[in-house]
Amino acid sequence: MKMGSGRTYNVCVVGSGITALVTAGIFAQKNFSVCVVAPPSKKEIESGDILPRHYSISASSRRIFQLLQVWEGVNSANGGLVRGIEVWGSASRPLIEFLPTIERLSPLAWILERQNILSVLLVAIHGLGVDIIESELISVDCAEDTSLVCLESCEFQASLIVGADGRNSKVRQSMGVSLGTKKIDQEAVVAVVKTEKEHHNFACQRFLQTGPIAFLPLSDPHLSSIVWSCEPSEAQRLTEGGQFFNEAVTSVFGHKYGEVIDSRAHMSFGIESGVVSSFFSGRVVLVGESAHVMHPLAGQGLNTALLDVASLAECVDNKDVLRTYSSLHRRLRRYERWRKAEVLKMLSVTDGLNSLFCSENIFISLFRKLGARSLNYSPFVKDFLISHAAGVYGDVPEMVRQK
50 MKMGSGRTYN VCVVGSGITA LVTAGIFAQK NFSVCVVAPP SKKEIESGDI LPRHYSISAS
110 SRRIFQLLQV WEGVNSANGG LVRGIEVWGS ASRPLIEFLP TIERLSPLAW ILERQNILSV
170 LLVAIHGLGV DIIESELISV DCAEDTSLVC LESCEFQASL IVGADGRNSK VRQSMGVSLG
230 TKKIDQEAVV AVVKTEKEHH NFACQRFLQT GPIAFLPLSD PHLSSIVWSC EPSEAQRLTE
290 GGQFFNEAVT SVFGHKYGEV IDSRAHMSFG IESGVVSSFF SGRVVLVGES AHVMHPLAGQ
350 GLNTALLDVA SLAECVDNKD VLRTYSSLHR RLRRYERWRK AEVLKMLSVT DGLNSLFCSE
410 NIFISLFRKL GARSLNYSPF VKDFLISHAA GVYGDVPEMV RQK
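First residue of the sequence shown? That's 50 in the working numbering, and the numbers climb one at a time after it.
Derived by calculation from the structure, the hints in this document are not laboratory data. Remember, predicted model here, so these are calculated numbers, not experimental data. All C-beta atoms, glycine included, are put in the ideal place defined by N, C-alpha and C.
Using C-beta positions, here's what the derived DEER-type ranges look like:
id	residue 1	residue 2	range
1	GLN118	GLU245	37 to 43 Å
2	GLU183	GLN118	20 to 26 Å
3	GLY176	SER155	30 to 36 Å
4	SER155	ALA126	18 to 24 Å
5	GLU146	SER268	19 to 25 Å
6	GLY178	GLU146	43 to 49 Å
7	GLU308	ARG379	55 to 61 Å
Can you build the whole structure from these sequences, using the hints too?
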């Protein structure tokens with residue numbers, strides 16, 4: 050019998066990214082029968098011709114990787130440590146410096162390569178007995194009994210379907226749920242740059258009137274992963290790379306990093322902000338970018354997605370929950386209320402910061418400088434912000450909470 054065909058799984062996860070594989074791993078650890086539905090591998094993946102992309106990993110995400118027993122593997126390839134953060138405006142010195150005064154808050158984050166995380170997670174979920182079904186999804190049935198998963202290659206049933214297939218989610222489309230997004234007139238350009246001066250394990254973000262640019266330190270002291278949010282026309286020119294790109298980055302951050310000597314892996318993506326009207330329908334539930342998208346300026350997209358997964362696993366904590374829809378509905382409703390509230394808080398922060406720092410209004414500019422100066426001389430407030438950005442304090446799942 051073809052894998053998946055005719056079977057009934059406890060949990061079917063749709064998606065091929067980090068969020069999907071973590072979801073599969075967490076439920077498999079709880080002894081749920083799990084499958085992952087992913088589109089067939091693309092040729093560039095098979096050939097290894099993949100543009101490196103890096104993520105900022107918070108303390109909460111690290112705990113999730115540790116729970117899955119993959120942390121040593123995902124943190125082994127060219128990863129960087131963030132021991133401090135500097136926020137710059139137009140002045141020649143930082144507006145705000147974040148250096149934790151509490152030892153447990155350091156490091157602030159880890160900068161890890163996407164493809165390495167995926168490779169390690171794939172090995173881990175294979176070891177947990179997760180079935181990987183490579184096929185294009187046609188549709189999912191949002192029934193209140195056992196839901197049907199229709200693929201190009203087969204059909205099967207699942208007691209819970211988790212949509213982790215990104216911002217263009219087919220699962221969300223099958224649910225008939227809308228992702229109410231606010232289009233932001235910016236694109237994010239990502240690249241890896243080699244600079245004349247060392248980064249000293251500091252992440253730096255500078256707010257320009259066209260959008261923020263962030264440097265994230267990698268293991269090599271002269272290499273950083275950058276994310277530059279700018280106007281679409283400028284993004285188009287920057288993704289061409291070469292000397293124009295190097296000079297443009299040097300003109301923005303040369304006072305800090307010196308000359309950009311080399312750069313590679315230039316690519317861009319559109320920026321949107323928003324959240325779905327409903328996180329679930331029947332036995333189908335959404336996590337990560339299937340449910341919400343946000344501005345990359347805070348580097349919290351993946352961390353927020355993994356908190357979704359940890360929250361869902363806490364709400365649906367055993368197979369008995371799946372037996373009756375009334376029981377499952379109560380748990381999914383709790384998950385929706387919990388995560389929607391947290392996501393909306395994060396969206397208000399990222400959208401607010403982007404609007405605040407991009408404004409040319411003289412009064413807003415004055416308020417911005419005074420507020421930043423006050424914050425910079427308030428170590429208690431800065432530690433509070435750092436601890437909540439780490440995702441281990443506040444209304445967070447038990448598995449990541451700081452004891």
